[in-house]
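Residue numbers (the working numbering), protein chains in the order written: chain A, 1 to 483; chain B, 1 to 483; chain C, 1 to 483; chain D, 1 to 483.
Source of the hints: derived by calculation from the structure; they are not laboratory data.
One or more hints might be untrue.
Since copy identity is lost for identical chains, a pair holds within one copy or between any two.
Below, a list of computed lysine-lysine pairs in the DSBU-like style, where the Cα atoms sit at most 30 Å apart [unchecked claim]:
#: 1; residue 1: K409; residue 2: K90
#: 2; residue 1: K138; residue 2: K48
#: 3; residue 1: K464; residue 2: K138
#: 4; residue 1: K90; residue 2: K359
#: 5; residue 1: K138; residue 2: K409
#: 6; residue 1: K455; residue 2: K142
Protein chains: 4
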Amino acid sequence: MSTVLRRARLAVGTKREVVDFISSRDGDRRIARSIVLVNEAHVLALLKAGLVSQNESRRLLSELRRMERVFPEHGIEEDYHLYIEQQLTKRLGPVVGGKIHTGKSRNDQVATAIRMTLRDSLLDLSNNVLSFAETLLKHAAKHVNTFFVGYTHQQPAQPITYGHYLVSIADPLLRDSERILEAYRRVNMSPMGAGAIAGSSYDLDRRMISQLLGFDGLVENSLDGVSGRDFLLESLGVCSLIASDLSRVAQDWILYSSSDVDILELSSEYASTSSIMPQKKNPDPFEIVRARCASVNGNLATATILMHALPSGYNLDFQELTPLVWNSIDTLQSCLSIMTSAVASIRPVQGVSDRYQVKFTVATELANSLARELHAPFRDAYRWVGQAVRISLHDHRTLRDLTRSDWSKIAGRPIEESTYRILQRVGDPASNPGLYRTEGSANPAEVRRMISSRKRRVAESLLKTEKLGSRVRDSTRRTERIR
Amino acid sequence: MSTVLRRARLAVGTKREVVDFISSRDGDRRIARSIVLVNEAHVLALLKAGLVSQNESRRLLSELRRMERVFPEHGIEEDYHLYIEQQLTKRLGPVVGGKIHTGKSRNDQVATAIRMTLRDSLLDLSNNVLSFAETLLKHAAKHVNTFFVGYTHQQPAQPITYGHYLVSIADPLLRDSERILEAYRRVNMSPMGAGAIAGSSYDLDRRMISQLLGFDGLVENSLDGVSGRDFLLESLGVCSLIASDLSRVAQDWILYSSSDVDILELSSEYASTSSIMPQKKNPDPFEIVRARCASVNGNLATATILMHALPSGYNLDFQELTPLVWNSIDTLQSCLSIMTSAVASIRPVQGVSDRYQVKFTVATELANSLARELHAPFRDAYRWVGQAVRISLHDHRTLRDLTRSDWSKIAGRPIEESTYRILQRVGDPASNPGLYRTEGSANPAEVRRMISSRKRRVAESLLKTEKLGSRVRDSTRRTERIR
Amino acid sequence: MSTVLRRARLAVGTKREVVDFISSRDGDRRIARSIVLVNEAHVLALLKAGLVSQNESRRLLSELRRMERVFPEHGIEEDYHLYIEQQLTKRLGPVVGGKIHTGKSRNDQVATAIRMTLRDSLLDLSNNVLSFAETLLKHAAKHVNTFFVGYTHQQPAQPITYGHYLVSIADPLLRDSERILEAYRRVNMSPMGAGAIAGSSYDLDRRMISQLLGFDGLVENSLDGVSGRDFLLESLGVCSLIASDLSRVAQDWILYSSSDVDILELSSEYASTSSIMPQKKNPDPFEIVRARCASVNGNLATATILMHALPSGYNLDFQELTPLVWNSIDTLQSCLSIMTSAVASIRPVQGVSDRYQVKFTVATELANSLARELHAPFRDAYRWVGQAVRISLHDHRTLRDLTRSDWSKIAGRPIEESTYRILQRVGDPASNPGLYRTEGSANPAEVRRMISSRKRRVAESLLKTEKLGSRVRDSTRRTERIR
Amino acid sequence: MSTVLRRARLAVGTKREVVDFISSRDGDRRIARSIVLVNEAHVLALLKAGLVSQNESRRLLSELRRMERVFPEHGIEEDYHLYIEQQLTKRLGPVVGGKIHTGKSRNDQVATAIRMTLRDSLLDLSNNVLSFAETLLKHAAKHVNTFFVGYTHQQPAQPITYGHYLVSIADPLLRDSERILEAYRRVNMSPMGAGAIAGSSYDLDRRMISQLLGFDGLVENSLDGVSGRDFLLESLGVCSLIASDLSRVAQDWILYSSSDVDILELSSEYASTSSIMPQKKNPDPFEIVRARCASVNGNLATATILMHALPSGYNLDFQELTPLVWNSIDTLQSCLSIMTSAVASIRPVQGVSDRYQVKFTVATELANSLARELHAPFRDAYRWVGQAVRISLHDHRTLRDLTRSDWSKIAGRPIEESTYRILQRVGDPASNPGLYRTEGSANPAEVRRMISSRKRRVAESLLKTEKLGSRVRDSTRRTERIR
């Protein structure tokens, strides 16, 4: 128990072992600067309410400003909140120092400081998510014509382009960035002034504190203010969505770069070898990304367990919740960083389209062509191509090896030479993307259009994120001048 | 394997046991109507693209319209998608029926149908969340002056009012309803036309299909369209947040109505008794709510496990993901229904404020008063009250039993009679809420103001939800007329 | 509220909507027979204690025996426990029927019935796990010489045999079966006689009840007896381990049978095709297994959430816990059934060893050979082979295409002809397994030995499981005769 | 990439940023000593196989012995495994150092070292679990007669004794310790010699290595040896069960010590106060225990996510799995330590039995007495007491305030004076435990018997744990002498 709370309710101090066990000192490092800023804003509210004098306010602020800069390596017992009061009391005496906690509680203070730190982290995260998307789009633009394959059921399905694939992994990231900013709106609300749980009989201006600290508004109800942790669960939920997206991309790159699929090539800089198997080129960083994404999802699970059926009001359990959020964000940041820098080093393997002819990825477009040319129902054409695949597999042929008479036999009707020429053309996987006509398809023109529109959206989102950040920084800066 | 896919790629049909194992027939019931509607819109797109004739379109639509009404109890093998094609083929012949699947795939179709069904469920959920909040606010309005206690660390902390408490559980629900509508925006986008994964060489108008089905836009990239399931994870995440909120309220009511705390009274209609302990009045429905909220959170965990590291493209695993969402939403709906109807039957126990004097909930305001009256730093006043509590506990007295001379001794300075009178007044817990002056505090006037503003917000949100719903219904209705 | 509890503590009955919400009637179906048996044993304990007469006992048992056979489709309100009492009261009158609940509670009764039903399910599960292992071993015996490849980092690593692979997936199943039986020992303990929580002032012989019901002992402490649910968490934990094992096998088979890896071939009976891509042969059942395993893991997560911080004593939340266990076991049973019957239909693709020469799986054994022949440190040999791989990749050669002079140049010393011949031999992947000499390696002789020893273990474990089952059945049968 | 693997397969080294990202150096600290010991045993196997000379063996062992003592603060790149080889090479030259990795892989080495470290941690954990149980039993022995209350549905249910309660929380711990030792048996098996995945063509004696390292046997199949991580999932599962048990006890103590229930009193040493509410005495350490138990459960969830559908063979993801196990064990150790030392400081509040008369906890025994005395069916007696409770509540009386004529009226028959005296006696909650007659009930004599038998079981289990530990230590010591 911190000295400032001694000689009050509890005759005997808390045991050293217990203090160490319950102390939040390690966790407080991350929010230390925010805690100091909250104290500064609170001093200004005390001043406005006539609860400290101009002179007292100036002395308190000056000490606090000093504390902004360094986080003490020693001396914190229970937490940084009490440490600050202890220091102010030590340096300014018990009369001035003893006023700092007037009308506030650790309950509202910690919730406020976490929100301040979190809003910055969310904006950083949004930036990095967008930056990964931007990098993907930049490379997509180079590969609108590069042959690639779309997979379903972990099997080659249809020819697409590498650019199309890259857009498909950028798009969920754009949605993720939207989600971050939506969560941000609920995070950036100030609980300060809620006191322990009920508000206070001191006439503290909560709106003023909120503005000084760069918040967009209040978490108004005082009980909600100190006990609501849905903003943390929500942030963990957004992180979990991003993790699911990244784990998919990591899995793709592991599979596509394996010597079995071999459609992407990792540069040696992003691979490792084995200590015993000299041939190995292992996709180590992407396995680590995949695994760490599990821990981001697991953090969310931990949080829902921890919060399950906790009653209203502040519970100390919350203290264990916050580090999960920092851990999830930091993990994502490091994964995003590796993946963003990896994009440039991953190259689609050249000349693979033949291989995917063997794997029959042209079957759908062959069926489409047959249906179109023979004015047949799609389902009939589908069946013919199915049989063609079966025959080819049996004879170790490709679909292009089938003769006109083979096709005639399969379709049960004569195939014109012109139709056969179409089938031969469509039988080349590389030709397929150019045939697609629907919006959002892998057709190169369409992919090019999608890239442009997404680049604009990324730019807009980056701008939006930047604006939110500078609004917060402006408030803080204004506050610093007020003092 | 459905008959329509037989005699194609696979020589031998899938085993009966396997078909039963992989069949989605049970899960398809929920999205059956949406699947039919998607087929109808697709027919109109085929018509526009000249792929079916006016007459064929009319016949297909007429059969489909018939299927809208009933979901077959028998006859579905693998899934409802193939069943529809099978029925159309059976009734309209292979030429017309064989055209229905032109340019579409089960992959885009199922994603579209899930989104259609989910958007309706999300709006229902939003309505019920808001309705619970509305009920809470209605009762809060009756109890702005009713004494209640705010808890921290599962211990009585400070006097509040029952109205204040009810607002504090309504507020997170308002945030939840915001989250639902934000998720809705990403759910109500159409993947239809994405085909199996790559789009199609048929010139199908994806925008038209999207509008016919009441969507707000496209999931453009075809690979993203069939393989993105973040909209389900996001919906499960919102459900999980609501579950955490409800589990807290359930826990509150269980605790507050226990014979130990006894600050709320459940009506017999919402309690059960024991089969052996005749005195028991158990809060059964709230224990069940608490437990079911665990399963809503668990569904999210299941979903993150299932999706972990699944590669891009359609994977059949998705089939097991969707029922988790329906289960979470249905569970929440039933919990919300019970809790909403329970609110009116839960009554704050009268005359409990004395009890909370014994439990020293007035300590904070006593310290505030002392600091104010004696111009002492808050920390000094805090310590005096701490000692007063210690003394009272020792002597089995309440803080109001302390004499003026007791206080003088504790504070180390003479206490004026006027100050003592203030202490005596503040020593009555029931007096405390009226003393609070901060915005969002438990002060009755403040609570009254908060209730009004929230009632407006609820009304606005209900209106917004209603508008989204009618926009969808209008589209569908217009589509029905087009045919 | 059931009629038998009416007109007691609660003036007004529980609302219909609330009864429906809290009713366990659906969940009780699974444990219905066990509930009846518990009632029968309880009657015999009442008889022994002189609390019912011989005649009353006979009449009660005769009615209960009738109820063993059918579970009523209608008429159950809150739960089956009260329904039984209601029926007995209806048929035998309030004097006899009103005695059935003497000294017992739903709390101990439901815990006992769950344990009885669960022990049977665990033995069934153990049987099916062992049966899958047995099938794997039977096929392994056919494939001790069949070329296969071991993977690390999802990349081909070293040549093994298919038999070796199959043993590697059987071994964890043997451990799983051990775990089931260890959990069984803690499940098969009787809480009956614990009453509501404290035991009873009636002199009921708990040991007798336990023996009549086939238990191995008591959950002695009465509070532990009604409130301990660790046996359910433990059972869910064992299920989760099995699920993790099955999900790995499912993933293997999906990957290995893909047209990219193509080292296993699924029969058409265990595959599906696409509705639009006629070439597809999708591993549908294994994707469903993979996904359902996620739900088994998710059930465990749900359970840990639900149980988190529930206080001691019976809580109604437990009611929602039990169905998770049935769901996990049933899901595993259906997955095990599909996978067991699939084993025979999966064939290793012939003639693939050349392909794995291209993929350099012989590199480790080449390095081992070089080290041995040239008396060089392993790390030097490792480096030479690493360079050899690099050169081969560059020149599109295999390691067998390297000439003696290539190797001499790489090793920086002359390579003897005899050594070169060894390298050429080792360069054939098919030769590698025969070279392995360590215990437990993929060497065919070693694999053969492992299969034999495991077959014995499976037989022993099946016998052990059978013995446990018959011990329970014997007790029940003896009990039936006693009546 | 470590220098020892350079100039081999990968032309260019892995990027610094990537190495930092994938490095296991932090995680390796925990298993560092085990890694060195594995290397030592491997050297002895190389010596036996004639792969290193006596002299080389001696030099290698001497260097390794030196490394046992300190873990380097700097210089580790990818991992500690390669660092050791690098150091040996640096100090003994490439010829000797280059032999250390002959026939082994990081894959088998890391699995072996984790198992060695884990077995020790499991035994420590078992000791601490037992030690907590022992402390509980010691205090239970002092409180076999101390009045306490059993709760159901978070409501006072029936009188028990504090000793009975303490036994009820010790019993699950005894089961947990069994589970730990069962998991231990599967953990303490040696995968060493499995190589990368396939075993090795070197004639290494796996049994010898296993014995040198204190293992009880082999994980025989080489693929299973390097890729099986079920031993980690199982250990996490056991930790999760313990966490669920501890979270329940923490929750109990938080509730029971609250000023509402007030049946247990925490010493000030295990409580904290509020920074603003001077009356507060918060159960901080138990809230932290409760919250940390959530993270132990969450670690299990993370692990099941991470392992979901990972294919057979070594995957680098495993690297992220191991720290979860250390974290769970360390968290439990610190929680167990706090809770064990807290037991002595928690005192049951004296003189509370009257309070529980008001809360009607005697109702069940009153019903039992009525049934017995009036030869009435239990259900009738139950109903009478239910009505008595209703009447008492209405009149603000206790059940003991009811007159003989009240009871006669309720029961609808005259109540004898002798019966009434019994009712009055039973109406005192403190009398109830002495009335219980069933085995395992809260009857003081029965509790005394349970304590004795459990003390014996704890002693036996501690002995068993000690024996396992010394068997391992003996092996290691013998090995040290061999060198």
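Now the hints, each set against the structure:
1. K409 / K90: between (97 Å within a copy, 26 Å between copies)
2. K138 / K48: neither (53 Å within a copy, 36 Å between copies)
3. K464 / K138: within (21 Å within a copy, 39 Å between copies)
4. K90 / K359: neither (77 Å within a copy, 33 Å between copies)
5. K138 / K409: neither (48 Å within a copy, 44 Å between copies)
6. K455 / K142: Answer is within; shortest intra-copy Cα gap is 14 Å, inter-copy 54 Å.
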